[in-house]
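Given the coordinates of chain W, assemble chain S onto it according to the supplied hints.
Number of protein chains: 2
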Amino acid sequence: MGISIRDIFLSPEKYLDKEITVEGWIKTARASKNFGFIELTDGTVFKPIQIVYGKDLENFGEIDKYTISSSLKVQGKLVQSPGKNQSFEIQASKIEAESVSDASYPLQKKRHTMEYLRTIAHLRPRSNTFNAVFRVRSLIAYAIHKFFQEKGFVYVHAPIITASDAEGAGEMFQVTTIDMDKLLHSGADKVDYSMDFFNKKTSLTVSGQLEAEAFALAFKNIYTFGPTFRAENSNTQRHAAEFWMIEPEIAFADLNVNMDIAEEMLKYIITYVLENAPNELEFFNNFIDKNLLERLHNVVDNEFARITYTEAIEILEKADREFKYPVKWGIDLQTEHERYITEEVYKKPVFVTNYPKEIKAFYMYENEDKKTVAAMDLLVPGVGEIIGGSQREHRIEILEDKMKNMGMEMDTYNWYLDLRRYGSVVHSGYGLGFERAVMYITGMKNIRDVIPFPRTVGNAEF
Amino acid sequence: MGISIRDIFLSPEKYLDKEITVEGWIKTARASKNFGFIELTDGTVFKPIQIVYGKDLENFGEIDKYTISSSLKVQGKLVQSPGKNQSFEIQASKIEAESVSDASYPLQKKRHTMEYLRTIAHLRPRSNTFNAVFRVRSLIAYAIHKFFQEKGFVYVHAPIITASDAEGAGEMFQVTTIDMDKLLHSGADKVDYSMDFFNKKTSLTVSGQLEAEAFALAFKNIYTFGPTFRAENSNTQRHAAEFWMIEPEIAFADLNVNMDIAEEMLKYIITYVLENAPNELEFFNNFIDKNLLERLHNVVDNEFARITYTEAIEILEKADREFKYPVKWGIDLQTEHERYITEEVYKKPVFVTNYPKEIKAFYMYENEDKKTVAAMDLLVPGVGEIIGGSQREHRIEILEDKMKNMGMEMDTYNWYLDLRRYGSVVHSGYGLGFERAVMYITGMKNIRDVIPFPRTVGNAEF
Numbered sequence: 001m002g003i004s005i006r007d008i009f010l011s012p013e014k015y016l017d018k019e020i021t022v023e024g025w026i027k028t029a030r031a032s033k034n035f036g037f038i039e040l041t042d043g044t045v046f047k048p049i050q051i052v053y054g055k056d057l058e059n060f061g062e063i064d065k066y067t068i069s070s071s072l073k074v075q076g077k078l079v080q081s082p083g084k085n086q087s088f089e090i091q092a093s094k095i096e097a098e099s100v101s102d103a104s105y106p107l108q109k110k111r112h113t114m115e116y117l118r119t120i121a122h123l124r125p126r127s128n129t130f131n132a133v134f135r136v137r138s139l140i141a142y143a144i145h146k147f148f149q150e151k152g153f154v155y156v157h158a159p160i161i162t163a164s165d166a167e168g169a170g171e172m173f174q175v176t177t178i179d180m181d182k183l184l185h186s187g188a189d190k191v192d193y194s195m196d197f198f199n200k201k202t203s204l205t206v207s208g209q210l211e212a213e214a215f216a217l218a219f220k221n222i223y224t225f226g227p228t229f230r231a232e233n234s235n236t237q238r239h240a241a242e243f244w245m246i247e248p249e250i251a252f253a254d255l256n257v258n259m260d261i262a263e264e265m266l267k268y269i270i271t272y273v274l275e276n277a278p279n280e281l282e283f284f285n286n287f288i289d290k291n292l293l294e295r296l297h298n299v300v301d302n303e304f305a306r307i308t309y310t311e312a313i314e315i316l317e318k319a320d321r322e323f324k325y326p327v328k329w330g331i332d333l334q335t336e337h338e339r340y341i342t343e344e345v346y347k348k349p350v351f352v353t354n355y356p357k358e359i360k361a362f363y364m365y366e367n368e369d370k371k372t373v374a375a376m377d378l379l380v381p382g383v384g385e386i387i388g389g390s391q392r393e394h395r396i397e398i399l400e401d402k403m404k405n406m407g408m409e410m411d412t413y414n415w416y417l418d419l420r421r422y423g424s425v426v427h428s429g430y431g432l433g434f435e436r437a438v439m440y441i442t443g444m445k446n447i448r449d450v451i452p453f454p455r456t457v458g459n460a461e462f
Numbered sequence: 001m002g003i004s005i006r007d008i009f010l011s012p013e014k015y016l017d018k019e020i021t022v023e024g025w026i027k028t029a030r031a032s033k034n035f036g037f038i039e040l041t042d043g044t045v046f047k048p049i050q051i052v053y054g055k056d057l058e059n060f061g062e063i064d065k066y067t068i069s070s071s072l073k074v075q076g077k078l079v080q081s082p083g084k085n086q087s088f089e090i091q092a093s094k095i096e097a098e099s100v101s102d103a104s105y106p107l108q109k110k111r112h113t114m115e116y117l118r119t120i121a122h123l124r125p126r127s128n129t130f131n132a133v134f135r136v137r138s139l140i141a142y143a144i145h146k147f148f149q150e151k152g153f154v155y156v157h158a159p160i161i162t163a164s165d166a167e168g169a170g171e172m173f174q175v176t177t178i179d180m181d182k183l184l185h186s187g188a189d190k191v192d193y194s195m196d197f198f199n200k201k202t203s204l205t206v207s208g209q210l211e212a213e214a215f216a217l218a219f220k221n222i223y224t225f226g227p228t229f230r231a232e233n234s235n236t237q238r239h240a241a242e243f244w245m246i247e248p249e250i251a252f253a254d255l256n257v258n259m260d261i262a263e264e265m266l267k268y269i270i271t272y273v274l275e276n277a278p279n280e281l282e283f284f285n286n287f288i289d290k291n292l293l294e295r296l297h298n299v300v301d302n303e304f305a306r307i308t309y310t311e312a313i314e315i316l317e318k319a320d321r322e323f324k325y326p327v328k329w330g331i332d333l334q335t336e337h338e339r340y341i342t343e344e345v346y347k348k349p350v351f352v353t354n355y356p357k358e359i360k361a362f363y364m365y366e367n368e369d370k371k372t373v374a375a376m377d378l379l380v381p382g383v384g385e386i387i388g389g390s391q392r393e394h395r396i397e398i399l400e401d402k403m404k405n406m407g408m409e410m411d412t413y414n415w416y417l418d419l420r421r422y423g424s425v426v427h428s429g430y431g432l433g434f435e436r437a438v439m440y441i442t443g444m445k446n447i448r449d450v451i452p453f454p455r456t457v458g459n460a461e462f
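Those protein sequence lines, which keep their order, are chains W and S. Residue numbers for the first sequence follow our numbering, so the first one is 1 and each next one is one higher. Residue numbers for the second sequence follow our numbering, so the first one is 1 and each next one is one higher.
Calculated directly from the structure, the hints in this document are not laboratory data. Keep in mind that the hints are not guaranteed to be accurate.
Because identical chains share one entry, a pair is satisfied inside a single copy or across any pair of copies.
[Said to hold, decoys possible] Using 35 Å as the maximum straight-line C-alpha spacing, the simulated DSBU-like pairs for lysine-lysine come out as follows:
#1 Lys200 / Lys109
#2 Lys27 / Lys47
#3 Lys267 / Lys290
#4 Lys370 / Lys404
#5 Lys27 / Lys151
#6 Lys360 / Lys445
#7 Lys182 / Lys402
#8 Lys318 / Lys267
#9 Lys65 / Lys370
#10 Lys27 / Lys318
#11 Lys328 / Lys402
#12 Lys14 / Lys77
#13 Lys151 / Lys65
#14 Lys347 / Lys14
#15 Lys151 / Lys360
#16 Lys151 / Lys445
#17 Lys445 / Lys200
#18 Lys404 / Lys73
#19 Lys201 / Lys190
#20 Lys18 / Lys151
#21 Lys110 / Lys47
#22 Lys402 / Lys27
#23 Lys110 / Lys360
As the structure is a computational prediction, the values presented were derived from the model and not from experiment.
Okay, chain W solo, but in the shape it has when bound (with noise of 0.2 Å):
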């Protein structure tokens, strides 16, 4: 195995002026007379790396035939290049093809829809906007991981298979082994869920909060990291059938705390990928979102703001503005609104918190006023909404009201009453949805462009 051009870029020192062999494949080349030129890339790195080659190899003639995303075995020499916008080069003593790609390569250098390349998203990784995108969302990823890792956070997998229904935070996928044809002919008059893999009807899960409530009462702080499903049957830009999501709970933490940790996080995330993917954020910056840096720098040189969701409400009646949606307490916010809010009051992402109890979970912690609770969402310029989170009931009696006037299946909670029979403690958490931060930080507009194979209505393709 060569060594990755990857490995160059970290340390040049190491193979300047020495005889290296690389692996890659084509992303441009052109010949002259009497030199030829080739971009190859392999994959480890945002930019290509430039290789040189002229008259002395003996395949000279064959070389410029190669196709665009032909492989190849490069030998040659690593030099500081004369030329501007590369540092390094490769003076190619010998060059073989690994495998000549077929002419018809659908991904030939021209300008592709971004339709077009969901319909080869198996190729599409090669083109620079969608390496980019999956590199950073690895790095994001990773950062998330690190982030709380070190801080001692202990990463729970919640499950993904669930009978429990999470009591209406959306549409669910049912998930079974009988046999859907032979029910037909079953002449059953119900389906009999004893028969089923699990002994009961399951379903994929759209939350793993009320699982990481357990495991925040053992370890105090902990998250998850896991793929969450919806069902539903929408079709628009920011809403996946299948995406991933973090969902932190911290023990001892009131809903001050959770604003600290979300901000904190979300600022660390950001700062990682403005470290360690600085090609690919500027290729964003100059290609899919103009304002892309000075948003991510506003967001990590900026604190949050921090308001009520009751001056949230002043402030919308105050504004000078006609709102399609009318604006009074009692109402769910609308993208307008926290837009209006996050870009053009505070210019910055904005914490709003304490919602009428009536539009949130039953989990929440009620406020003295028995009016409102204690949930936040992170509004941020140019998206909206990022985060939600609360802190959560912890008082049993409230929470045990709550749910029978809600008609909850007690006996299916009995286990997350538990939490509050055992050990009680004030407690908080909130979600992020992955591929909203990875949209966040890419600048992509389609959530279908930011995940690697995405499954919405009607389609699962690959």
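Chain S alone, transformed into the frame defined by chain W:
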């Protein structure tokens, strides 16, 4: 929020002889006429901290009524401890109960069976064993990410919901939004999957390898780490319906490079846990598996052996030993064979390579002998197979022939063949069952006891 007990143990000099506040749960407590002692844990480290209090506390008479697992807020001075097993203790000036645990708490200080603890999976992480298991599980997950990221591998999320059948890698769960009760009364003869969410029949993935290959041919070095599923009706200690898998895939890499990476990875993970969870490993070594530490050091300190399948068969045929499953060239190795080789012959981890092609998957590289494929299994003492991998068939004619001979649906895999049409290169990869690794490193014997909320036949609780 008080400081965490982990903070105290990480930098005691910062807090020594100072007034601090900690919060946590009572693990054990005892009191005499004039003094009381509480072992307090907040879950951030394995060992609890000792709280000492005296009659000067106004609620002295109350404190020893607080039940196990009650949550407390303790103010006091951190001092060097006179006892030999704890280096620090807190002399309390104030102890408040945040919540007194109900006396029915199921985890009283006594031995519980593993079976019983599985029925309280929401509480068992508070026990010593499971606190250690799930912290180590988290550390192993992080070590895997750290290992690959430091090498520049790109983390890829392979899709969970899939329309392909992964060619018999295992029984699959179906994923659907079709209302099965309605189906019974539809009068239809066959299920109409154009009505399903993805307009086709879909299942939960059994492996992300094929998708991983697509990304390796763009980034050279990639890995997946996500949940995979098997709907197999087997009730063993080693099989779960839902488990996590790591699948690295490396371009420009043959089977030898593949083995190098697998060996380096396994040593890295174990070293990381030895360094970061010494108390937990000592606990496992004392209470779960007396040979654990010796075995782990043995893995880290030795170069793994590498033998071919044919050599393995010769060794087994010569063995002075009766096997339940008779040995001859062509058989699939059974656990008894694997353990004999790794435990009795080599006494260390052994890679077995180049298996008969008939017993291995379609995508494996056919060797020159045309009888074997470039597969590898890593066998480790105490377990048997822990990693399985191969060099992939990158020659399109051979791969296509094989797939046709097996009667595979070529349309479904056309994208996979594209990877051989456009810049095909030698590439290799392997799969590590995450829970197998956790079992190996903790000494735990049942896969149900290394998964937060395990899913097995008939069991999807919580």
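* Structure versus earlier hints, numbers of those that do not hold, lowest first -> 10, 14, 23
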